[in-house]
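Please model the complete structure; the sequences and the hints are all you need to start from.
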Amino acid sequence: MIDVLVALGIFFLSLGVIGLIRFSSAMNRMHATSKASTLGVGFTVCAAVVKFYPDGVFLSSILVLLFLFMTAPTGAHMVARATYNSRETENKTLDEFLE
Amino acid sequence: MIEIAITVTACLTLLCSYRVVKGPSVADRAIAIDAINTNVVALGVLYAMHTESHYFVNISLMLAITGFIATAASSRYIKKGEIIE
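In the order they appear, the protein sequences are chains C and P. Remember, the working numbering sits 30 above the position in the first sequence when you count from 1. Remember, the working numbering sits 540 above the position in the second sequence when you count from 1.
Calculated directly from the structure, the hints in this document are not laboratory data. No experiment lies behind these values; they were computed from the predicted model shown. Hints are not guaranteed to be accurate.
Claimed, not checked - FRET-style restraints, in silico, Cβ to Cβ:
id: 1; chain 1: C; residue 1: ILE48; chain 2: P; residue 2: ILE624; range: 34 to 40 Å
id: 2; chain 1: P; residue 1: GLU592; chain 2: C; residue 2: VAL34; range: 17 to 23 Å
id: 3; chain 1: C; residue 1: TYR114; chain 2: P; residue 2: GLU592; range: 41 to 47 Å
id: 4; chain 1: P; residue 1: HIS594; chain 2: C; residue 2: ILE48; range: 18 to 24 Å
id: 5; chain 1: P; residue 1: ALA613; chain 2: C; residue 2: ILE51; range: 20 to 26 Å
id: 6; chain 1: P; residue 1: ILE542; chain 2: C; residue 2: ASN58; range: 27 to 33 Å
Unchecked claim - Okay, the calculated bits of chain C under chain P, using three or more residues with CB under 8 Å as the criterion:
id: 7; segment: 41-52
id: 8; segment: 72-79
id: 9; segment: 94-101
Unchecked claim - Part of the chain P face toward chain C, derived, beta carbon under 10 Å:
id: 10; residue: ILE544
id: 11; residue: ALA545
id: 12; residue: VAL566
id: 13; residue: ALA582
id: 14; residue: GLY584
id: 15; residue: VAL585
id: 16; residue: MET589
id: 17; residue: GLU592
id: 18; residue: ASN598
id: 19; residue: ALA612
id: 20; residue: ARG616
id: 21; residue: ILE618
id: 22; residue: LYS619
id: 23; residue: LYS620
id: 24; residue: ILE623
Cβ atoms here follow ideal geometry from the backbone N, Cα and C, with glycine treated the same way.
In structure tokens form, the structure reads like this:
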């Protein structure tokens, strides 16, 4: 059980990193890492929860999972929004420059 | 099994730094640092499973919280061009 969960986590982590390296634009890379890597860490933390179950640390592991699932999409969304807004303002200044 | 997983995750984290060094824009670097942070959280959890020590799970928890602040600061840098004004 633990080995299967760890293998799934490694698989999704490697998918995220391959997407980060191979994709063409910044938004595509953000799409790859923010979903696949989060899922990979989720599986790995689930393996830790299964391993540490009778102990008290598995609650800490669930807390890691909770924080990661809250913060990773929020951070990716903030970076995406900032990139989109800065690109928009660049286009506006370019248009004004053309006029 | 867990030793192999730790090795593979460390190599993946090293591969992320390629995008940090080479990435064309600032957003690519911010995304790559976010991915490195996510991988290091996984590394901490895997190391806690390897050594059966409890402290590394808490270290992963603190890294997950601190990495969000780092991502928020880098997004603010992308948007405004400065972090503290």
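Now for the hints, and whether the structure bears them out:
1. In this structure the hint that ILE48/C and ILE624/P lie 34 to 40 Å apart at CB holds, the actual value being about 36 Å.
2. A hinted range of 17 to 23 Å holds for the C-beta pair GLU592/P and VAL34/C, which are about 19 Å apart.
3. As the Cβ distance of TYR114/C to GLU592/P is approximately 45 Å, the hint placing it in 41 to 47 Å holds.
4. Separation of HIS594/P from ILE48/C is about 33 Å and departs from the stated range, judged on CB atoms against 18 to 24 Å.
5. Range check, ALA613/P to ILE51/C: about 24 Å between beta-carbon atoms, so the 20 to 26 Å window is met.
6. For the hinted restraint 27 to 33 Å between ILE542/P and ASN58/C, the CB-CB distance of approximately 32 Å keeps it satisfied.
7. Interface restraint, the segment 41-52 of chain C with chain P: holds (6 residues with C-beta to C-beta distance below 8 Å; minimum three).
8. Counting residues of the segment 72-79 of chain C whose CB lies closer than 8 Å to any CB of chain P gives 4, which reaches the minimum of 3, so the coverage claim holds.
9. Given as covered by chain P, the segment 94-101 of chain C passes the check, having 4 residues with a CB less than 8 Å from a CB of that chain where 3 are the minimum.
10. Given the 10 Å rule on beta carbons, the hint for ILE544/P holds: about 8 Å separates it from the nearest Cβ of chain C.
11. With its C-beta approaching chain C no nearer than about 5 Å, ALA545/P sits inside the 10 Å limit, and its interface hint holds.
12. Among the interface hints, the one on VAL566/P holds; its C-beta lies about 8 Å from the nearest C-beta in chain C, closer than the 10 Å criterion.
13. The closest approach between the C-beta of ALA582/P and any C-beta of chain C is roughly 5 Å, which is under the 10 Å cut-off, so the hint is satisfied.
14. This hint holds: GLY584/P has a C-beta 9 Å from the nearest C-beta of chain C, less than the 10 Å allowed.
15. Because the smallest distance between the Cβ of VAL585/P and any Cβ of chain C comes to about 5 Å, under 10 Å, the interface hint for this residue holds.
16. For MET589/P, the interface hint holds, since its Cβ comes within 10 Å of a Cβ in chain C; the closest pair sits about 5 Å apart.
17. This hint holds: GLU592/P has a C-beta 8 Å from the nearest C-beta of chain C, less than the 10 Å allowed.
18. The closest approach between the C-beta of ASN598/P and any C-beta of chain C is roughly 6 Å, which is under the 10 Å cut-off, so the hint is satisfied.
19. Annotation: interface hint on ALA612/P holds; nearest CB of chain C at approximately 6 Å, less than 10 Å.
20. Satisfaction of the interface hint for ARG616/P is found here, the shortest Cβ-Cβ separation to chain C being roughly 7 Å, below the 10 Å cut-off.
21. Because the beta carbon of ILE618/P sits about 4 Å from the nearest beta carbon in chain C, less than 10 Å, this interface hint is met.
22. Among the interface hints, the one on LYS619/P holds; its C-beta lies about 4 Å from the nearest C-beta in chain C, closer than the 10 Å criterion.
23. The beta carbon of LYS620/P is positioned within 10 Å of a beta carbon in chain C (closest approach about 9 Å), and the interface hint is therefore held.
24. For ILE623/P, the interface hint is violated, since its Cβ never comes within 10 Å of a Cβ in chain C; the closest pair sits about 12 Å apart.
Checked against the numbered hints listed earlier, the structure breaks hints 4 and 24; every other hint is satisfied.
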